[in-house]
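Asks: Construct all of the structure, not just a fragment, from the sequences and the given hints.
Taken in sequence, the protein lines are chains C and G. Under my numbering, think of the first position of the first sequence as 4, with each following residue one higher. Under my numbering, think of the first position of the second sequence as 4, with each following residue one higher.
Warning: the hint list may mix true and false statements.
[Said to hold, decoys possible] Simulated restraints on C-beta separations: (1) G/353 x C/197: 54 to 60 Å; (2) G/294 x C/92: 52 to 58 Å; (3) C/420 x G/175: 56 to 62 Å; (4) G/237 x C/77: 33 to 39 Å; (5) C/210 x G/217: 48 to 54 Å; (6) C/118 x G/292: 46 to 52 Å; (7) C/466 x G/44: 50 to 56 Å.
[Stated by the list, open to error] Under 10 Å between C-beta atoms, here's a sample of chain G residues computed to sit facing chain C: (8) 249; (9) 318; (10) 374; (11) 471; (12) 475.
It should be emphasised that the hints constitute simulated quantities derived from the structure, not laboratory data. Virtual Cβ for every residue (Gly too), placed ideally from N, Cα, C.
So you can see what is in the structure, the chains are spelled out below.
2 protein chains.
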Amino acid sequence: MLDDKNGIDNFLKKNEGKPVVVIQGLGFVGAVMSLVCANALTEEYAVIGVDLARKDTYWKIKSINEGLFPIVASDPKIEEFYQEAKKKDNLYATFDNHAYSKADTIIVDINLDVAKKSGFYGELNDYDVDLSAFRKAIETIGDNCKKDVLILVETTVPPGTCQKVVKPIIEKCLEERGLPIDEFRLGHSYERVMPGPNYIDSIQNFYRVFSGINEVSAEATERFLRTIISTEKYPLTQLGNTNATEMAKVLENSYRAMNIAFAVEWSRFAEEAGVNLYEVVKAIRMRPTHANLMLPGIGVGGYCLTKDPLLASWSKQTLFGSSEPLGQSERGVQINDKMPLYAYQFMKRSLELEDLMGKKALMLGISYRSNVGDTRYSPVEPFYNYLIKDNCQVFLHDPYVRFWEEKEMEIPLDYEEAFKHDLDIVIISTGHVEYMQSENLLSYLESQKNLFILDTVGLLSRAEIQRLSKRHTVKIVGRGDI
Amino acid sequence: MLDDKNGIDNFLKKNEGKPVVVIQGLGFVGAVMSLVCANALTEEYAVIGVDLARKDTYWKIKSINEGLFPIVASDPKIEEFYQEAKKKDNLYATFDNHAYSKADTIIVDINLDVAKKSGFYGELNDYDVDLSAFRKAIETIGDNCKKDVLILVETTVPPGTCQKVVKPIIEKCLEERGLPIDEFRLGHSYERVMPGPNYIDSIQNFYRVFSGINEVSAEATERFLRTIISTEKYPLTQLGNTNATEMAKVLENSYRAMNIAFAVEWSRFAEEAGVNLYEVVKAIRMRPTHANLMLPGIGVGGYCLTKDPLLASWSKQTLFGSSEPLGQSERGVQINDKMPLYAYQFMKRSLELEDLMGKKALMLGISYRSNVGDTRYSPVEPFYNYLIKDNCQVFLHDPYVRFWEEKEMEIPLDYEEAFKHDLDIVIISTGHVEYMQSENLLSYLESQKNLFILDTVGLLSRAEIQRLSKRHTVKIVGRGDI
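Replies: This is the structure in structure tokens:
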């Protein structure tokens, strides 16, 4: 079997006397959380990251132990924190569940996914939340943990999960092991991690909400969080129960998802009425009560906004037996899921073409968010797929993406090469700062004969549009006044 | 016929040489707009307010001319501005359309209503926008105005109205009068009036968005606005066309309506999951990106949020021929319209009563908004109707409402009297500051034997709930953790 007992024991020997923190899951959150814990502010922890010995995760374990942090990010603190942990030798990664038996604190940072029946950007007719992998991960903890461990769930879960899923599983496991079931502590505190230039700070220097399944658990959770987060500057907020914090997380993301869906509908209207929605939203945002108004784009991507409203609605109906879904929030996801298709149809309508056979397109930007290289559930992917399906030849560029994991494609370092191919279409798909007011990009665009330029993020300024419109057709999603 | 020619001419004689501003409509906006114009910052205007010689409007005309401003508000500037205008004698009110023939600038501040087929708080199955009254008002202007008048529309209209309705009507009228049709100026700039303690400032000291049907119109509109608004501190924003500013206004209000609808759905979930949504929302609002998150309540009231999303959706389909409504925004109104019913059903479920025969209830708050006396489309009205229908005896109180216009009822000055009647139910229906942390109210509540207290606005603190729960049943809409 998979055995790393020696590795774990050796590591803990070197860190004797230090409280042991084990992080379950080494993804975008867990991996960086392990750095923050290894560099805790007021405590010296021995930190072990645990992930599965699977093809797609094993390399991370190896990578952490061999001197290369597995997540590439523009935040220089990532490397700094990693090197500091290496120097102190208080960070270790393993696949062996033996680690859980040594933990004083276990942080759950695994994924909990929503299965959308017709694909991520299809019709949201039906979706399902499958808790089986999550349950299994919690069982692994229950089968190995100390009786008085603190389990801190950070995963975004359907509200009710700590009370109705995690607690009974841990109790059952402890009971089967002949251990008392009233000594473990179970807390919930969700992260607000933002991959990008402030990756570390989005954990260490940001507000946190927490709760526990009882007062002892809440206190233990608070004590732990105080050691890793700058709580003087970013005070902690305790909520009444774990349902409340779990709900807070999905509510936060549902709020943003719904705000975007709202903008999407109005962007259609703006196109119909010859209005520049970007200008309108900017004018409205001057009101403090309306500062959170969002802008439309090519679509909503990333790991959270695309699924969290569904986690919540599923929980309402399944864990709390309600007869009504969160209709407004579900509809938000539904609208957002159709954004790439809408943007594509908008382009096709404007091009007045049925097929793109023989056409050459360049997409500027692959990641779902500007100025980072995160391609998880990027709306650029379905847009790219539509182009390919319509027989278009597609060139890609993204200053932050060297390798597009979802498509297993190498991405060229610059877009200059693409422009040598006599392009027909240029799609600005992500609002990276490198594309904004870039004389270089503008002169490349101008050097072409007759381009169709689709700006899906409102990146081009009025002056730039005027310049480009002299020889090209420019269309912007959400604008009808060009 | 209705003739006030002499009155108007006498007034203008006294104000000879001053540019004449005529305001069409003396409602919550027009009346106060007339004060702001009579006290313009950089110009001396002769201001005439025009309204219809109808039972419900004529008294306002009389009132303005006879020394009593028709709108009672907590803003002391209202009286101050009115007295200043009286002193200068540059404000006059009339019902005679002759006034329009003297105007250099005409400001349109009349209402444009939506008819909801099943009543304002019923099922939003169908609704209609009837432009006939609005068209008639514009025709009155066209039949009388100077050929080079500046018409400034401030009414919240379906996007497209200035271009597709106002402009053709004015042109047709001028043509019929044998006048040139290319000299009048037509601008749109919506107000953001907030009745209450900052009534005047919400016009004079606040951001404005404007546009014109052509460059000359936009310039004239801007010039005029600069004379009445503190534009150095609150810069004006010009948008591309009148469709854009018209859209901005209804988008603003739709955004708020949808935000409330969002909170409504989640408040149901919070009740089901034993969560205090007020606490959750407070924790989330610490994030600047989520500061506009709203709280649920007894319902959405007032003149704007209850109809503006429908004006927009109607315009999209009717004026711009779109096959799709603004579904998300319409659904927001739909959800909000059901809030009073939901709150009432929540109370009935908690009371476990089918009928309220013989029960006595006190409602604290009538207006739709805290700290003002505005009862237009207040959600308290349907809630009150449900109580009456269920044979409950209802006492009412509101520190800002002496006379409830919609119900034609006198409202007592204090709630002490009601407590002498052996109450069964107390409903906190508006979050007035007078009710917050009021020892007086608390001791009255405590003095009762066995009350059912329904807090629809989350006014009671945790400590107050604990105090009251000793002898009473306390329920809060949006909270399940009491």
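Asks: Per the hint of 56 to 62 Å, is the separation of the Cβ atoms of residue 420 of chain C and residue 175 of chain G within bounds?
Replies: Between residue 420 of chain C and residue 175 of chain G, where Cβ atoms are some 60 Å apart, the hint holds.
Asks: For the hint on residue 318 of chain G, does the least C-beta distance to chain C fall short of 10 Å?
Replies: Holds - the Cβ of residue 318 of chain G comes within 10 Å of chain C, reaching about 8 Å at its closest.
Asks: Look at the Cβ atoms of residue 118 of chain C and residue 292 of chain G and judge whether their distance stays inside 46 to 52 Å.
Replies: violated, 28 Å
Asks: Does the hinted range 48 to 54 Å hold for residue 210 of chain C and residue 217 of chain G at CB?
Replies: holds, 49 Å
Asks: Does the closest beta carbon of chain C sit nearer than 10 Å to the beta carbon of residue 471 of chain G?
Replies: At about 18 Å, which exceeds the 10 Å cut-off, the nearest Cβ of chain C leaves the hint on residue 471 of chain G violated.
Asks: Could you say whether the range 54 to 60 Å given as a hint is met by the Cβ separation of residue 353 of chain G and residue 197 of chain C?
Replies: violated, 41 Å
Asks: Please verify that hint: residue 374 of chain G, Cβ, nearest Cβ of chain C, below 10 Å or not.
Replies: violated, 16 Å
Asks: Is it true that the C-beta distance of residue 294 of chain G to residue 92 of chain C lies inside 52 to 58 Å, as the hint says?
Replies: Violated, at about 43 Å.
Asks: Take a look at whether the Cβ-Cβ distance between residue 237 of chain G and residue 77 of chain C falls inside 33 to 39 Å.
Replies: holds, 38 Å
Asks: Against chain C, is residue 249 of chain G within 10 Å by beta-carbon distance?
Replies: Because about 9 Å separates residue 249 of chain G from the closest Cβ in chain C, which is inside the 10 Å limit, the hint holds.
Asks: Does the closest beta carbon of chain C sit nearer than 10 Å to the beta carbon of residue 475 of chain G?
Replies: violated, 21 Å
Asks: Using the C-beta atoms of residue 466 of chain C and residue 44 of chain G, is the stated range 50 to 56 Å upheld?
Replies: violated, 33 Å
Comparing the model with each earlier hint shows violations of hints 1, 2, 6, 7, 10, 11 and 12; every other hint is respected.
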